[in-house]
Amino acid sequence: MNYDVMVIGGGIAGEEVAINLANLGYKIIMVEKDYSIGGKMIHLSKVFPTLDCAACITTPKVSETARHENITIFTHSEVKNIERISDKEFNAELVQHPRYVTNDCTGCSICEDNCPVVVRDEYQFDMVGRKAVFIPFSIASPRIAAIDIENCILCGLCEKVCPADCIDFTQEEEVSGITVKSVVVATGYNLFDASQIQRFGGGEFKNVVTAMQMERQLVPTRPFNTVLRPKDGKMPDNIAYVLCVGSRDKTVGNPICSQVCCMYSTKQAQLLMGALPMADVTIYYINIRAFGKGFNEFYQQTGDMGVEFIKGKVGRITEKEDGNLIVRYEDIESGKLKEAEHDHVVLSVGILANTDYQSMFNNKAVLESDPFNYVKQTQELCCPPKTSIEGVFVAGTAAGPMDIPDSILSAGAASAETASYLRSVKN
Amino acid sequence: MKNRIGVYICHCGSNISDYVDVEHVRELAEKVEGVILAKTTMFACADSTQKEMIEDIKSEKLDALVVASCSPKLHLETFRNVALRAGLNPFNYIQVNIREQVSWAHSDKPQEATIKALKLVYASIATVKHSKALKPIKIPSVNTVVVVGAGVAGMRAAIDLADMGSYVYIIEKEHFVGGRVSQWDNLFTTGETGREVISNIYNKIMAYENIKLFTGAQIVSKAGSVGDFNIKVEIKPRYFKPGAKVDPDKLEEVIQACPVEVEDDFNFNLTKRKAIYRNYPSEFPEIPAIDADHCTKCGICEEKCNDVDFSMKAETIEINAGAVLVSTGFDPYEPNKGEFGYAENDFVISLQQMKRLIELSPGELVFKDRKIKKIAYIYCVGSRQSEGPNKYCSRYCCTSAIYTALLLKEKYQGIKNIHLNRGIRTYGKQELLYNEASEKGDVFLQFDEGTPPKVSAENGQIKIKAEDILTAGREIEFSVDLVVLVTGMVPRKDNSIANIFKVPIGRDKFFNEIHPKLRPVETVIDGILISGACQGPKNIPESTNSALSAAAKANTLISKGDIEIEPKLAEIDEASCEWCDKCQVVCPYNAILKKDVNGKMVAEVNKANCKGCGMCLPVCESNSIQLIGYTDIEIESFIDTLAMD
Numbered sequence: 018m019n020y021d022v023m024v025i026g027g028g029i030a031g032e033e034v035a036i037n038l039a040n041l042g043y044k045i046i047m048v049e050k051d052y053s054i055g056g057k058m059i060h061l062s063k064v065f066p067t068l069d070c071a072a073c074i075t076t077p078k079v080s081e082t083a084r085h086e087n088i089t090i091f092t093h094s095e096v097k098n099i100e101r102i103s104d105k106e107f108n109a110e111l112v113q114h115p116r117y118v119t120n121d122c123t124g125c126s127i128c129e130d131n132c133p134v135v136v137r138d139e140y141q142f143d144m145v146g147r148k149a150v151f152i153p154f155s156i157a158s159p160r161i162a163a164i165d166i167e168n169c170i171l172c173g174l175c176e177k178v179c180p181a182d183c184i185d186f187t188q189e190e191e192v193s194g195i196t197v198k199s200v201v202v203a204t205g206y207n208l209f210d211a212s213q214i215q216r217f218g219g220g221e222f223k224n225v226v227t228a229m230q231m232e233r234q235l236v237p238t239r240p241f242n243t244v245l246r247p248k249d250g251k252m253p254d255n256i257a258y259v260l261c262v263g264s265r266d267k268t269v270g271n272p273i274c275s276q277v278c279c280m281y282s283t284k285q286a287q288l289l290m291g292a293l294p295m296a297d298v299t300i301y302y303i304n305i306r307a308f309g310k311g312f313n314e315f316y317q318q319t320g321d322m323g324v325e326f327i328k329g330k331v332g333r334i335t336e337k338e339d340g341n342l343i344v345r346y347e348d349i350e351s352g353k354l355k356e357a358e359h360d361h362v363v364l365s366v367g368i369l370a371n372t373d374y375q376s377m378f379n380n381k382a383v384l385e386s387d388p389f390n391y392v393k394q395t396q397e398l399c400c401p402p403k404t405s406i407e408g409v410f411v412a413g414t415a416a417g418p419m420d421i422p423d424s425i426l427s428a429g430a431a432s433a434e435t436a437s438y439l440r441s442v443k444n
Numbered sequence: 090m091k092n093r094i095g096v097y098i099c100h101c102g103s104n105i106s107d108y109v110d111v112e113h114v115r116e117l118a119e120k121v122e123g124v125i126l127a128k129t130t131m132f133a134c135a136d137s138t139q140k141e142m143i144e145d146i147k148s149e150k151l152d153a154l155v156v157a158s159c160s161p162k163l164h165l166e167t168f169r170n171v172a173l174r175a176g177l178n179p180f181n182y183i184q185v186n187i188r189e190q191v192s193w194a195h196s197d198k199p200q201e202a203t204i205k206a207l208k209l210v211y212a213s214i215a216t217v218k219h220s221k222a223l224k225p226i227k228i229p230s231v232n233t234v235v236v237v238g239a240g241v242a243g244m245r246a247a248i249d250l251a252d253m254g255s256y257v258y259i260i261e262k263e264h265f266v267g268g269r270v271s272q273w274d275n276l277f278t279t280g281e282t283g284r285e286v287i288s289n290i291y292n293k294i295m296a297y298e299n300i301k302l303f304t305g306a307q308i309v310s311k312a313g314s315v316g317d318f319n320i321k322v323e324i325k326p327r328y329f330k331p332g333a334k335v336d337p338d339k340l341e342e343v344i345q346a347c348p349v350e351v352e353d354d355f356n357f358n359l360t361k362r363k364a365i366y367r368n369y370p371s372e373f374p375e376i377p378a379i380d381a382d383h384c385t386k387c388g389i390c391e392e393k394c395n396d397v398d399f400s401m402k403a404e405t406i407e408i409n410a411g412a413v414l415v416s417t418g419f420d421p422y423e424p425n426k427g428e429f430g431y432a433e434n435d436f437v438i439s440l441q442q443m444k445r446l447i448e449l450s451p452g453e454l455v456f457k458d459r460k461i462k463k464i465a466y467i468y469c470v471g472s473r474q475s476e477g478p479n480k481y482c483s484r485y486c487c488t489s490a491i492y493t494a495l496l497l498k499e500k501y502q503g504i505k506n507i508h509l510n511r512g513i514r515t516y517g518k519q520e521l522l523y524n525e526a527s528e529k530g531d532v533f534l535q536f537d538e539g540t541p542p543k544v545s546a547e548n549g550q551i552k553i554k555a556e557d558i559l560t561a562g563r564e565i566e567f568s569v570d571l572v573v574l575v576t577g578m579v580p581r582k583d584n585s586i587a588n589i590f591k592v593p594i595g596r597d598k599f600f601n602e603i604h605p606k607l608r609p610v611e612t613v614i615d616g617i618l619i620s621g622a623c624q625g626p627k628n629i630p631e632s633t634n635s636a637l638s639a640a641a642k643a644n645t646l647i648s649k650g651d652i653e654i655e656p657k658l659a660e661i662d663e664a665s666c667e668w669c670d671k672c673q674v675v676c677p678y679n680a681i682l683k684k685d686v687n688g689k690m691v692a693e694v695n696k697a698n699c700k701g702c703g704m705c706l707p708v709c710e711s712n713s714i715q716l717i718g719y720t721d722i723e724i725e726s727f728i729d730t731l732a733m734d
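Sequence order for the protein chains is A and Z.
Counting with the working numbering, you get residues 18 to 444 for the letters of the first sequence.
Counting with the working numbering, you get residues 90 to 734 for the letters of the second sequence.
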């Protein structure tokens, strides 16, 4: 298989690169490890600072990527052993994991209805269940079922009920060789695991959730169709946000700022004011980093709407018997240690490098990392997409924490650099 | 008349359905004559819904399509493409905006919102019945881009455009390239100097045959439209012969001999320069220039140097270009007189002046005969003004100020830095710099906007009084040798480019993009793109990213040889037209021409210029002009339906 460009990662940055280059006539292979393209953004509610719904921005890009005649997408697939074989080409191995459902699936979800196995739904960040055979989420692309073979009990019910005969347990992992002229790494980021900081009770106290779990409760396709606290299903009326969880924190190995948490928390606070008009929302922060275009105005507006911003670092969270939480914090304004009771706490978790790219290249071509395990930008000022390997470019949060507008610009830059590179290797 | 119409009503998650009873709208729309099917959908724009629509169009043999969802600004093209892929003409499609114009606007009145949505859907169905299949018009485009501004953004974009095969003209107003970056010495994060960055880029540019750079050049007018702009550029005389190679010692002597002294704006007026000047040795282009605004033409330099040539005249050139990329950069905020003692106290300077001062002070840091050791930095000057005009955060200044403070410590002995800030915003990896400054003993105090620090002069000393949030509002008083006002970015004072290209301006007064996520480097004027800090505060990598993005967009737009434009243009009925010139007079785009048809003079529309604005329609007395896509019958059907009970 020969392509001009391999785009690794089908999130917003990867899609932007793929569409730009495909529109210039280049043949693109997109490799996405998840069951669907769309990355993290497709799961978000509304996005700051314009409050557009994330789906309205991202689904058209997903759809354009999916149907573009110059883009071939492999979902639930990985790439290995990328190696520069000449001045003009890279070889790589494409590993397609079995989905156990053929592409003829119509997404009717009859299999899902009949499957007897229920496990936690990772696309709803474990707040509700899903089946072992499942359509990943309602706006997935491709919107076809997949079988989670780890949890499947091989009862064969899905195979029996599928009206289109799409269930195929004989599928196996397929490895194929591909040759490309250039590579764009758009592998995105990982979220910090809140349970690593025990004193906040993430993963232990039920009413302490992560910002992604709150985000899911604010989207139209939300699990409970309203905002509920997990322990007793009560509608919360006094919600606290704890910022810099897993960011700006040497003790967890991540001293840098995640760049998005201040703003996503501020945004969620605004959305909560709409969803639960009677609720109080408090944000505990160190510094509010509202730096981008329109961000500071958005932050100002959030304060004007009645969200309380308290400057102070939270030291510990304890749980009361009724599930309410005591937040112990240093109140900078008064210089005192204080405690406050909230009935729901959201941990604004930071973002970490997704290090998957490190194992994609074989030892002959090392893609260098920066000290925080993001892809190293070798000419950060004048050519941000450039990496340590000629012909390999980086786009979006694979290079460091970034918000959506910056990711899209970074992807635009990677498109220009890749297109320039492709013209130079042609000659 | 179309009579097999499909109608889709979008929930938009809950954006619409929270306020509009979409099911009710669907039920009633389904009953309208000519409507074959009406459906509601969670996200009309989702891939699965698009597929469903295509199947419906094919299987039900639909001949027209109405989608009631968000603003057509967002998804007109999305659903036109749906129609196209299903074999339906995209112009037999109408998008009804029931989100921005209904659910969001009337969230307090859901019942009335539902009625309004319904009426708009009814009216659009009535209109789409009269819709005609249209073909987009293709106009030829030249693969040439005019880049306005030779700062880091403009020059970087030029290189990628040239690499992608476009021909590029860079138009720089100043006599030298490099913009703001050339004014900075040591740069975060790489430690390169601004000059190194600029000379690398400049040398690359000089090697390209398809990049032409004009300095001392200003755009004076623009005509035409996307694909075919005609841009007039005036090039000021440099009064130095092109290609002159002046011996550096000799040049220094000539410069010294010039009797005219003016404020040196390259050094933010910290120093003076002569009327004959270059901002630093080896500045590009490596030929000095004579500042015509201040030169008295005394002739001393001409006597001393053969390369000086006062007979040079201003030249005007015309460029035919397919697209324009505006990268005109920013101005630093200029504090008002008395703002924290600025322009009243000699020892209160701006961050930008401080950055120049470091470079101008090789051995010791001495400013106006005072040895500088203890420096206070006051942040957010001219930014984050909740009551003032600049509500925005200038984004780069926290990092820039801390980096500058650290450079000072590295370069000079015994420097003490005190940062009076409003919450440090060293986002992302820049956070490390904040840590480093704290570890190296810089002091950070924080104030509220309402209680800013007070700067006063006492016996030649500068006293600062501040209420520090970080120590529970304690009043702190101390004296310093120098105060640096951390001034942010403001739009360029010179707004001639905005006027010539009609670039839209945002609430923050910077140039505005169509949408920060969907189309972040394009403006509503087709073919006019923006990048770098003219769009809003950015640091260097962020400017470069936006510049390269814009290069990719511009190249995609114009490199195919032709551009598709909307066929919704004015159309003349030659039989009834009695040339009267009224349409020509009102047309803002010079799109109406006069032509002879068998001896009869009639109006003709220049399709490349016409924007379909409709200005010519109401002035036509013989009613000989129709706007394709907005014909009288379509508009009247819409209004009649809206007016019905």
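One or more of the hints may lead you astray.
[Unchecked claim] Result set (DSS-like, lysine-lysine): computed pairs, CA atoms no more than 25 Å apart in a straight line: (1) Z:Lys671 to Z:Lys696; (2) Z:Lys696 to A:Lys443; (3) Z:Lys552 to A:Lys105; (4) Z:Lys162 to Z:Lys120; (5) Z:Lys402 to Z:Lys457; (6) Z:Lys140 to A:Lys44.
Read the hints as simulated data drawn from the structure, not as lab findings.
Remember, predicted model here, so these are calculated numbers, not experimental data.
**OP:** Could you tell me which of the numbered hints above are not met by this structure, giving the numbers in increasing order?
**Re:** 2, 3, 4, 5
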